[in-house]
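Enquirer: Chain residues, written in single-letter form:
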Amino acid sequence: MMAWAITAFDALLVALLLWLAWQAIHADGLFRAVISFMVFGLLMAVAWVRLDAPDVALAEAAIGAGVTGALLLSALGRLPERDKEAPADRRARGLAAVGLAALALGGATALATIAWALPAPGLGREVTEALPKSGVDNPVTAVLLNIRAFDTLLEIGVLLLAVIATWALGPMQWSAPARVMSPALPVLGRLLFPMFVLVSAYVLWRGGHAPGGAFPAGALMGAGGVLVFFAGAKPWITGAELDPWRWLLSLGLVAMLVAAVGVGATGRSFFEYPVDLAGLFILALEVAAALSIAILLFALCLGGRPPHRWGSEDEA
Amino acid sequence: MTALAWVGASLVALGVPFFLLGTLGLLRFPDVFTRLHALAKADNVGLGLVCFGLGLHSGSLAHALKLALIWLLMVIASAVGAGLVARAAIARGVKPWGV
Amino acid sequence: MNELFIAIVLVLLGNITVGLWRVMRGPTAADRMLAAETFSTSTVAIVLILATVTGRGALVDVALVFALLAALAVVTFVSRAWPDIGEETARGGGGPKP
Amino acid sequence: MSLYAVLAAALFFLGLHGLFAARHMLRKILALNVMTAAVFLLLVVLAERADVADSVPHAMVLTGIVISVGVTAVAVILVVHLAHGRGRDRGD
Chain A
1 MMAWAITAFD ALLVALLLWL AWQAIHADGL FRAVISFMVF GLLMAVAWVR
51 LDAPDVALAE AAIGAGVTGA LLLSALGRLP ERDKEAPADR RARGLAAVGL
101 AALALGGATA LATIAWALPA PGLGREVTEA LPKSGVDNPV TAVLLNIRAF
151 DTLLEIGVLL LAVIATWALG PMQWSAPARV MSPALPVLGR LLFPMFVLVS
201 AYVLWRGGHA PGGAFPAGAL MGAGGVLVFF AGAKPWITGA ELDPWRWLLS
251 LGLVAMLVAA VGVGATGRSF FEYPVDLAGL FILALEVAAA LSIAILLFAL
301 CLGGRPPHRW GSEDEA
Chain B
1001 MTALAWVGAS LVALGVPFFL LGTLGLLRFP DVFTRLHALA KADNVGLGLV
1051 CFGLGLHSGS LAHALKLALI WLLMVIASAV GAGLVARAAI ARGVKPWGV
Chain C
2001 MNELFIAIVL VLLGNITVGL WRVMRGPTAA DRMLAAETFS TSTVAIVLIL
2051 ATVTGRGALV DVALVFALLA ALAVVTFVSR AWPDIGEETA RGGGGPKP
Chain D
3001 MSLYAVLAAA LFFLGLHGLF AARHMLRKIL ALNVMTAAVF LLLVVLAERA
3051 DVADSVPHAM VLTGIVISVG VTAVAVILVV HLAHGRGRDR GD
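Residue numbers (the working numbering), protein chains in the order written: chain A, 1 to 316; chain B, 1001 to 1099; chain C, 2001 to 2098; chain D, 3001 to 3092.
A portion of the hints provided could be inaccurate.
Stated by the list, open to error - Computed beta-carbon distance windows for the label pairs:
(1) 11/A to 1028/B: 21 to 29 Å
(2) 1095/B to 2025/C: 15 to 23 Å
(3) 102/A to 2024/C: 23 to 31 Å
Unchecked claim - Examples of chain A residues toward chain D, derived with CB under 7 Å:
(4) 25
(5) 59
(6) 143
(7) 248
(8) 283
(9) 287
The hints are simulated quantities; they were obtained by calculation from the structure and are not laboratory data. As the structure is a computational prediction, the values presented were derived from the model and not from experiment. In this text, a Cβ means the ideal position worked out from N, Cα and C, and glycines have one as well.
Please construct the entire structure, taking both the sequences and the accompanying hints into account.
Expert: Here it is as structure tokens:
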């Protein structure tokens, strides 16, 4: 009974995800597509839960269901034209889609079989062996901030580049004050802000020994910042004084670089922490990375350079 | 302990009809304003029963408090969300059904 | 007892599947958004029950993150997106943006 | 679990098809995101298959999720700018 029900659950989840992905790409109306994609993100988190990847599920919950949805919805408000598809060629496209679907299904099964047939030793044993020396108990955190800390460094660099790219394109794309005012909005912001700080700190703290850590905590904090900002709160730094922004945005990258190069002063190689201090190093880097990811995500969601004074800006 | 677990499990089961009724309302009610009830009321009662039931089932106070927090947050979110959507709908000129 | 829980989770997922009809149908953008919000409540319930079934406490944190961010989509929708979206078929609603 | 491997492959091709077939830029972004989700899914499924629980793919997926949101943000802003630029050129 149990195995049957679990298989049914998985099958239904897979079918739903496929249907939603199809809808996100081909549904009539952009709004329907975006909503389908948001539900897709929601159910992807359930899929991560089923695949026993709680770390990924946490990040997906904060980013896939939170930040990405907010980004897409904001963009939708700024797009001047709806996507119009000529009804004439829709039938031809439908036929082409059926052909492509058959092709894709064939290719998909082939790819899945090949992937399945690959030898799968994995790196699990190596990580487990290195874990006692890494300074934390959670293998994912150990990989992210010690064993493959270089990836994390580059990743924060990519986020910083993304922020620079969006800010370089001009001023903020969506206005700061909400269009529809409601007395509930400021209350919501005030009520939720301490909760966000608390839960982010909790997720960060748990990262040392259980699923959690800098990435989900940073993503949650960033998404929380966006929510509180959309609810009408104004950040204390504006666009007129870019120096604080510069420091805040580069905080994570600078901290990682200092840790990477600093150990070189004692004759070690790049990112090779002293074993007895590894836990401390990881904790410091985690805090820096989480704060930096939060600020970077918030900056990304502004959709451009912040205005000189909050609330007075006009849209581009 | 086992009795508590059973009570918890049956509370969880009791929550399911509320989710089903909420979806029924979502599908069958005639306009946005009535459909808001499905979001703001039925589903949250269902979630409340599920959280309460799972809290009893786990038998640990810390776990139960976390579940209560989750429920509280969802209630706040849907209460504010429902109010906002209704306001925005009125501002956009969506007429309530039967008016 | 796990059998019961898994059956419940299956029913809840089926519930989401049925509710997708509203996302597809509309008619206003608010209806679609509303349906998506309903799904997030169901998803929280699903994740919580799965957390109990698998005995992984970390999954409760996933539900906590969902609950915290549940308001984000609606707030963005109401304050950023909807006022500007030209409605496909609004029931007596405003027409598309000039 | 093999069900999810098939899902990953199918989603990848679905996204690839969408990337070329979709007209609107925003849909192309969605298609790209579907493809990334498929790749993440494949990585996690393969990690699940390994003899010892493998956390390296999980860490890679975590990094990837954050990077993909960065890419999405840049792409979305570009689309918004593009849409406005186009509108001006046409004179409306």
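Enquirer: Hints first: check each against the structure and report whether it holds.
Expert: Checked hints:
1. 11/A to 1028/B: 21 to 29 Å: 28 Å, holds
2. 1095/B to 2025/C: 15 to 23 Å: Check passed, 19 Å falls within 15 to 23 Å.
3. 102/A to 2024/C: 23 to 31 Å: At 24 Å between Cβs, range holds.
4. 25: Given a least distance of 3 Å, the restraint on residue 25/A holds.
5. 59: It holds, given that the least Cβ distance between residue 59/A and chain D is near 5 Å, below 7 Å.
6. 143: At about 4 Å, which falls below the 7 Å cut-off, the nearest Cβ of chain D leaves the hint on residue 143/A intact, so it holds.
7. 248: 17 Å, violated
8. 283: Constraint on residue 283/A not satisfied, violated at 18 Å.
9. 287: Result: violated, 17 Å to nearest chain D Cβ.
The structure shown violates the earlier hints numbered 7, 8, 9.
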